[in-house]
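> The primary structure of each chain is shown beneath.
There are 2 protein chains.
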Amino acid sequence: MADKKTGGLAGIVAGTTEICTVGSEGNSLHYRGFSVEDLAEHSCFEEVAHLLIHGHLPTVVELAQYKAKLSSMRSLPNPLKIILQQIPAIAHPMDVLRTGCSALGTIEPEESFKQQKDIADRLLASFPSMLLYWYHYHKQGKEINLQTEEDSIAGHFLHLLHGHSADVMLQRALDVSLILYAEHEFNASTFAARVTTATLADFYSAVTSAIGTLRGSLHGGANEEAMKLLERFDSVDAADKGIRQMLANKELIMGFGHRVYRVRDPRSDVIKEWSKKLAAHTGNTLLFPVSEQVDNIMAEEKGLFPNADFYSASAYRFCDIPTEMFTPIFVMSRITGWSAHIFEQRANNKLIRPGAEYIGPEPQTFVALEQR
Amino acid sequence: MADKKTGGLAGIVAGTTEICTVGSEGNSLHYRGFSVEDLAEHSCFEEVAHLLIHGHLPTVVELAQYKAKLSSMRSLPNPLKIILQQIPAIAHPMDVLRTGCSALGTIEPEESFKQQKDIADRLLASFPSMLLYWYHYHKQGKEINLQTEEDSIAGHFLHLLHGHSADVMLQRALDVSLILYAEHEFNASTFAARVTTATLADFYSAVTSAIGTLRGSLHGGANEEAMKLLERFDSVDAADKGIRQMLANKELIMGFGHRVYRVRDPRSDVIKEWSKKLAAHTGNTLLFPVSEQVDNIMAEEKGLFPNADFYSASAYRFCDIPTEMFTPIFVMSRITGWSAHIFEQRANNKLIRPGAEYIGPEPQTFVALEQR
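Residue numbers (the numbering used here), protein chains in the order written: chain A, -9 to 362; chain B, -9 to 362.
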């Protein structure tokens, strides 16, 4: 009974926040009062990171300083490089980031909560380095240079990934996607970060919890699952038949619907536009129409709308990003929102410790080992 | 308002469990229906681990097989050893275990949930190895042998720590303490493990979240804080004066009271007896009387009772365990309870995603960068 009422804590208010409204009218998303559509249209990801981590949208001078600060924080300490070398080539990249974040916390520990904003910036700046150092070390057997001239995180990531500066449109598409994924209230990974933070654990512990939580296919892993699905179809017709068959088999189709949004996911409209633009730009005539067909069937048959993950999959593919890096990109973005929530939890802390309804055995008489 | 009602989710039922009742009459603790007093009196930690991970108290044959299985899982893969070498000597041991657990998840990944019980046993068997390999590598510059003839986790841990087999009474004291710490319903670290599990993340991610959460001083770190406090006093009189002064200054005294227990913490009575016995056995005439004095003042002045952490501190000291290993020992025990909760969450899963009350700025008009 209690389980029905509070299963998964749906509808339970677990605390207050000044950071984000999500789905307040069933379809809106604001970061500190700014709509995600405005931010995606008019700002860059570093402005949004500054808004979330440092509390306000930066001025021209502040933004330049912030980009310079982040650029200066991209290198990795040698012990961390050796650790990344030890992580197998076949590891899931999310496990690489989870381990990299945890390891950095042993090498550059948080000695005082006063360091928290610098640590947030350090992680924001160094996650692309961790992932791509490990990736190239194993794929090419080479230690890449972690410095580039790119002043944006999106540009820097694509440069490290491909070994050269990316097309401006691809850079901006990834930049927008980072804005869309930056923050989302008490989602599971953020809530995990707050549960960890609430014991007064260090910053890295909280972010490590968040990464591990984002890893699951019901959360961050959804865009990877969407991509794997889309890749199965070599035509719009094949997608049509395949999806209808999956629905008939009651299989789960990832990238649709949302625990909080009831009408639409505002992020989907933005990233869908970008996916369409990138399809034209890159000359790919298959993936976007296939995606749209899946979208149409889901609306028609299930009344479901795409969430942020669905069109992100094709957008990332057009940027030539390997599927297994989709969720790590989510980490590179969401570290901004996680950080804001860690600060907020610490500023007004209370241990997060719910109760449980016991449905197990009654008190049992102990029977000694020899008599069992 | 919502914050007051649900601050820290106190009193909110976040789900059902068959594993543990805690504080059902304000003072009791049962694992799968067996009272913790019975278990601490009559069973060994491996029996309790079997009860929690494998669902029932083992027979004589099952226990022998289980101990043999755990003994066979104590070694560490070479890449993990190299990773542990890279973690600085000054790191917090909890950060070592957090990173070691995460790294093992990249080297021996969970490819199917069918592996979950073996992974639970693997972590149970290898946490002492991770901690003490790292510890001796940095303290003595030597790579210790991770195999011992000890067939209990408590004995194995003390052997690895001190380089020789420990006194039987010390082994049993640690063994009992592992029983007492094994499981505690939806405490913060277990709840964090369940939040992570509920996205369908892998086993290592869930345990990594739990370790990071246990690290905080409001949770697992409390026994370390209690020890640091007790060590300040070189006499019962000094403790008396010091604690009264701290109370007058409204300083927090760790190791007393509990979110769930209202009358007493049943674990405290058990470990207090052991602490007293070890004091006599080791000839230490200071630490136990100092602890009792602090206990008496807290009862008298604040009406608070000691929780499991308070007398664990002195018991561990009598076993010659360094203070910074107190919380890691908690990990070595609680991995059993965490595992049971991860299995349970997976068996009847629902994403754990509460809501938040928004108290931030109203929707704001976006101002372009150049106009700020």
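No lab work stands behind these hints: they were computed from the structure. Do not take every clue at face value.
[Unchecked claim] Derived, one-sided and incomplete: chain B residues facing chain A with beta-carbon distance under 7 Å:
no. : residue
1   : 96
2   : 135
3   : 359
[Stated by the list, open to error] Below 20 Å or equal to it, Euclidean Cα-Cα: the simulated PhoX-like pairs (lysine-lysine) are:
no. : chain 1 : residue 1 : chain 2 : residue 2
4   : B       : 107       : B       : 71
5   : A       : 107       : A       : 57
6   : B       : 292       : B       : 340
7   : A       : 240       : B       : 240
8   : B       : 266       : B       : 218
9   : B       : 231       : B       : 292
10  : B       : 71        : A       : 71
11  : B       : 240       : A       : 340
12  : A       : 129       : A       : 59
In this text, a Cβ means the ideal position worked out from N, Cα and C, and glycines have one as well.
> Looking at the structure, which of the earlier hints fail to hold?
Those not satisfied are hints 2, 4, 6, 7 and 12.
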